[in-house]
Amino acid sequence: MTESLFAVVTTRHAYVLFVLLSAIGLYMMIANEHLVKKIIGLNMFQTGVFLFFIASAYRVGGSAPIVEAGNGPYVSPLPHVIVLTAIVVGVSLTAVGLALSIRLYSEYGTLRADALREVIGDE
Amino acid sequence: MSDAVLPLLIALPLLAATLPLLAGLWFENAGWPVAMTTSLLVSALAGWLTWTVSPWGTTGSQRLVHDLAGYPAPYGIELVGDGLSAIFALLIAVVAVAVLVYGRTTGPQTDAFYSGYLLLTGGLLGMALTGDLFNLFVFLEIVGLVSYALIASNDDGQAAYGALKYLFLGTTGASLYLIGVGYAFVATGTLNMRDMAIELAAVGYTDPLVQAAFGFVLVGFMLKIAIFPLHTWQPDAYTHAPDTVTAYIAALVSTTAAYALIRIAYGVFTVQFFAANPLITDAVLLVASVSIVVGSLLALLQTDIKRVFAYSSVAQFGMILAAIALQSETALFGAVIHLVGHGLMKAALFTGAGVLNSAYGARTVADYAGLAKRAPITSGMMAITGLALVGIPPSVGTLGKWFIALGAVEKGSWGVAIVIFVSTLLTLTYIGRLLETLYFTPAANPDDPDIAGDATDATDAADAADDGSVVADGGIDRVATERVVVVAVLALSTVVLFAAADPLSALLDPVFGRFFA
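Protein chains in written order, with this note's numbering: chain Y, 1 to 123; chain F, 124 to 640.
Just chain Y, with the same shape it has in the complex (with noise of 0.2 Å):
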């Protein structure tokens, strides 16, 4: 039991980074107060998400996918277009959320969920 833990832990440390990265930053995002610390705990979860889909396209001895005769084998380039995909649309979310904090923080002077809460009057 313990050997195979082992062996899970040195031969597929990205996924076991994947997991802990995601807990950690979803952790973060329903802990943490503070809204742009809640922004860089979801931030991180999807950080661990993209590692994920990177890990997965990986193969031993491969190059990069430009098919050229007697090259291969490639890496799988599909992950990378998506991971891509996913980090413009992570950032487009980061600039919206950052933004709603702005207009958060005018309103009513803080960055603090439970004060904000406070003020709202949320149930």
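Just the calculated beta-carbon pair ranges, DEER-fashion:
{"no.": "1", "chain 1": "Y", "residue 1": "V119", "chain 2": "F", "residue 2": "V309", "range": "41 to 51 Å"}
{"no.": "2", "chain 1": "Y", "residue 1": "I24", "chain 2": "F", "residue 2": "G535", "range": "40 to 50 Å"}
{"no.": "3", "chain 1": "Y", "residue 1": "Y15", "chain 2": "F", "residue 2": "F150", "range": "47 to 57 Å"}
{"no.": "4", "chain 1": "F", "residue 1": "A134", "chain 2": "Y", "residue 2": "S4", "range": "44 to 54 Å"}
Here are a few chain Y residues that sit away from chain F, every Cβ distance over 10 Å (derived from the structure):
{"no.": "5", "residue": "L20"}
{"no.": "6", "residue": "E68"}
{"no.": "7", "residue": "D114"}
To be clear, the hints were calculated from the coordinates, so they are not data collected in a lab.
No experiment lies behind these values; they were computed from the predicted model shown.
We put the beta carbon where it would ideally sit given N, CA and C, even for glycine.
Given the coordinates of chain Y, assemble chain F onto it according to the supplied hints.
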């Protein structure tokens, strides 16, 4: 080349979304005409698409497929127009036009609002028409991003807070969906929906990777659809958004996400997946049943009228999730009807609530006391829609609930049938309370000592309306007539659609034939 209609439907609103901001540099008030023209064009295209894929079209029942940029299906992204996606494309286009007419005088009238409105329409149509799992994620995020922006489009701090809350939960939902897609991609090596259905069958439905993929996709969509207990973003977002935005988002955003879940559950994972994983199926049924009951109870407890309707959506979407997990063709047919019907009903109720809010400042159930006398048309239309939501025949609400309950009985899931019955009674309770207040509670009047005591909040609003004197429905200067007309058309459509079971079933039969093959 009839399949060119599919990319046009998505590209037209997305490209037109740049125009209101561009035109705003030179002209004033250019946003509304641009948005309206585009929405009408999109409606015509969606109507034509529905006609083409229907059995009455020139070529008979068919399935339109378009390979984007000419790359063939498993490698490129394909757009699919069949009976199911055409119904939702048409619903999106029609509601977009209706809400735009409604919002001409009331909505946020900035050019940015109209750009966002068109972006949202394009994103929703993309979700309805795509046949690729990752492409669906992109459109899901476009819809999400624009929703957050539109909810906060008036200068209300509470709306900004609601939008930010929606952003956190909505993005988490979309990311969970992306993890699910990633797992399924690792298991099969494809992202095309039809191709993945074949590959998943080869991998085996009890493979842990496939099960985990379904779990992540399901939870992601449950966040987006707002199923209890993942609904917490939804009431705040609906309550504080401008009335126009609430009507549009409540009618379409969760609806289209639920459509996408149907498409993935039956088109990709297929009914055999549910059959092979009874534990997952039972868990989904349980969560859905809890969502139905708790959503109805929470709706009963609310005083703010928009919150009542918001929690009511949690219950109705629970019903649709239950129908998905029932693996019955009858129940799935009911789910599609109920999705369309619920979209129209919520559009009618939220636009109606918007009219009463603009005219009388009525925001809570208590404010509605005696409003039926002052605003007979709007109140009557809200009453009709409310009864449709309960499921009183003849209405589209009856059809949806009837087929879902029938499917539950056919499958022997008596628990689900009972839950639907109980929720109907609860819906009757909160709609009944609303109708009683509208029609039988005398208007709060400071001269009347009997009621002035317990309705002091309402008197201010009533006074304000009295001073306006000629404020009736379509009142000359306070509520534009077209807003009332939109409420009436939407409300009557929920009644007329009672007769639409046969045409809808003719449209859906080829699709369900593939799902339940």
